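Chemist: Residue strings, one per chain:
There are 2 protein chains.
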Amino acid sequence: MQRYKCIISYDGSGFSGYQVQPNKRTVQKELEAVLAKMHKGDSVKVTGSGRTDAGVHAKGQVIHFESPLLIPEEKWEVALNSMLPEDISVLAVIKVDASFHARFDAFGKEYRYVLYLSSIRDPFQRNYACRYPYPLNLGLMKEASKYFLGTHDFTSFCAAKTEVKEKIRTIETIDFIMEDNYLTLRFVGNGFLYNMVRILVGTLLAVGSGDMKPEEIPGILEKRDRRFAGKTAPANGLYLWEVHYEENN
Amino acid sequence: MQRYKCIISYDGSGFSGYQVQPNKRTVQKELEAVLAKMHKGDSVKVTGSGRTDAGVHAKGQVIHFESPLLIPEEKWEVALNSMLPEDISVLAVIKVDASFHARFDAFGKEYRYVLYLSSIRDPFQRNYACRYPYPLNLGLMKEASKYFLGTHDFTSFCAAKTEVKEKIRTIETIDFIMEDNYLTLRFVGNGFLYNMVRILVGTLLAVGSGDMKPEEIPGILEKRDRRFAGKTAPANGLYLWEVHYEENN
Chain A
171 MQRYKCIISY DGSGFSGYQV QPNKRTVQKE LEAVLAKMHK GDSVKVTGSG
221 RTDAGVHAKG QVIHFESPLL IPEEKWEVAL NSMLPEDISV LAVIKVDASF
271 HARFDAFGKE YRYVLYLSSI RDPFQRNYAC RYPYPLNLGL MKEASKYFLG
321 THDFTSFCAA KTEVKEKIRT IETIDFIMED NYLTLRFVGN GFLYNMVRIL
371 VGTLLAVGSG DMKPEEIPGI LEKRDRRFAG KTAPANGLYL WEVHYEENN
Chain B
171 MQRYKCIISY DGSGFSGYQV QPNKRTVQKE LEAVLAKMHK GDSVKVTGSG
221 RTDAGVHAKG QVIHFESPLL IPEEKWEVAL NSMLPEDISV LAVIKVDASF
271 HARFDAFGKE YRYVLYLSSI RDPFQRNYAC RYPYPLNLGL MKEASKYFLG
321 THDFTSFCAA KTEVKEKIRT IETIDFIMED NYLTLRFVGN GFLYNMVRIL
371 VGTLLAVGSG DMKPEEIPGI LEKRDRRFAG KTAPANGLYL WEVHYEENN
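Sequence lines, in order, name chains A and B.
Going by the working numbering, the first sequence opens with residue 171, and the numbers climb by one from there.
Going by the working numbering, the second sequence opens with residue 171, and the numbers climb by one from there.
Please note: incorrect hints may appear among the correct ones.
Remember, identical chains collapse to one label, so a pair may be satisfied in a single copy or spanning two.
[As the list claims (entries may be wrong)] Taking lysine to any residue and the SDA-like style, the derived pairs with C-alpha atoms no more than 20 Å apart in a straight line are:
| id | residue 1 | residue 2 |
| --- | --- | --- |
| 1 | LYS229 | TYR352 |
| 2 | LYS265 | GLY184 |
| 3 | LYS383 | ASP395 |
| 4 | LYS229 | TYR298 |
| 5 | LYS229 | TYR304 |
| 6 | LYS229 | ILE290 |
| 7 | LYS210 | VAL358 |
| 8 | LYS229 | LEU287 |
| 9 | LYS337 | VAL266 |
These are computed hints drawn from the structure, not numbers from a lab.
Fair warning: this is a prediction, and the values are worked out from it, not measured in the lab.
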């Protein structure tokens with residue numbers, strides 16, 4: 171058996187998220203269906219670096235699987251892309267050691283959230299950016315974002331139903347990239363809890379619109395209670411941008 | 171009755187084209203459904219500058235309709251956008267003289283065709299650009315495009331089933347805009363026949379790939395026979411970009 175790491179990209183608009191669910195179209199299900207075909211019906215389990223929700227996109231999701239097939243890396247790529255639907259693309263296939271694990275070995279992730287700051291609807295962006303038509307104070311948002319940097323218990327900033335117990339995470343970077351009418355928020359950290367990026371964005375929007383003050387953030391972190399943070403921003407603006415591994419993987 | 175001109179944009183991916191067809195989702199049908207609601211069930215006829223096919227997009231399609239409602243222009247815009255589906259957007263509503271006609275008064279149009287020159291599939295571009303993974307000789311394409319400029323009988327460059335009899339059209343401009351991996355072909359002319367832009371693009375791709383020579387174009391125009399031109403390029407790369415009227419409209 172050979173273990174393969176794949177970097178994949180998908181347009182989340184047409185999927186009920188990454189993970190397999192009964193009677194739903196998911197990314198994992200499409201990948202496993204194609205791998206089963208290539209293995210004459212034998213099921214092949216695909217393991218992702220983590221889930222993404224319905225409507226959330228990926229520019230660089232990472233998965234792994236094992237196969238007895240002796241196919242060079244580039245041919246895997248061509249074969250998978252020829253069988254996968256148009257809204258999933260395999261960007262790279264890399265042979266890895268049998269010990270590699272897409273989830274456990276990831277030591278960091280980058281997410282981006284794209285806001286379209288405009289009072290005019292753009293039909294071409296409806297699935298790919300979250301439109302925000304009101305004024306935003308970028309200076310206050312940047313000030314607020316600094317309180318999230320470093321290591322914190324992010325209980326207030328994840329969905330109340332999150333199953334993971336350990337809610338301490340480290341955020342290294344929050345960047346603000348303004349280009350034309352688009353504001354992209356770039357988050358780099360060692361891991362993100364369920365809905366965490368979307369709640370961070372919702373909270374930063376509350377600060378930017380004047381509903382919340384930057385100085386309130388430390389208090390919200392301390393509460394360890396989802397109800398004190400901002401709203402969960404919509405899925406359509408969120409991209410899993412990159413998953414980070416040690417260099418030899 | 172007041173006549174209104176509207177500039178609209180739509181993502182063609184989810185539509186069976188612009189024009190009403192039984193049991194199909196079309197742009198005109200969505201517009202007329204919303205206008206009927208605003209007029210308490212009375213039907214309001216919408217007239218477009220021309221049709222667009224299934225999958226073809228519009229950045230600046232123009233339509234007109236008449237209404238007895240006394241609503242200021244900006245309120246029309248807000249009302250229509252609040253009721254229309256997310257893949258159609260009204261960019262402007264302008265009061266016009268009762269003699270204005272979106273189709274008959276249009277003296278020119280601009281179409282753009284977007285090619286994504288890459289061997290890698292991009293799931294986010296699948297509906298918005300036509301991927302072309304083979305080498306292209308841009309110099310030869312530009313040379314060929316010059317034969318299309320000016321006034322010609324474009325019978326060879328429209329779908330064989332085209333009903334319009336008069337097939338003489340004038341193309342003013344064909345521009346080549348290269349940006350990153352995207353090649354955008356910009357066509358400006360006094361009018362375009364059914365499938366004409368897509369067949370022009372297919373023919374230019376045949377030249378760029380070496381299957382046809384630029385000097386063959388005049389002969390193909392003379393044949394007045396669709397079979398001698400190149401293939402019809404896919405709908406997903408095509409955008410009705412702008413419709414031109416006299417300044418006071």
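Chemist: Now look at each hint and say whether the structure bears it out.
Modeler: Here is how each hint holds up against the structure:
1. LYS229 with TYR352: both (18 Å within a copy, 18 Å between copies)
2. LYS265 with GLY184: So LYS265 and GLY184 fail the 20 Å test inside a copy (29 Å) and across (39 Å) alike.
3. LYS383 with ASP395: within (18 Å within a copy, 69 Å between copies)
4. LYS229 with TYR298: both (12 Å within a copy, 17 Å between copies)
5. LYS229 with TYR304: Neither: 28 Å inside a chain and 24 Å across chains, both beyond 20 Å.
6. LYS229 with ILE290: between (26 Å within a copy, 13 Å between copies)
7. LYS210 with VAL358: neither (40 Å within a copy, 52 Å between copies)
8. LYS229 with LEU287: between (22 Å within a copy, 19 Å between copies)
9. LYS337 with VAL266: neither (30 Å within a copy, 60 Å between copies)
Going through the hint list in order, the structure does not satisfy hints 2, 5, 7, 9.
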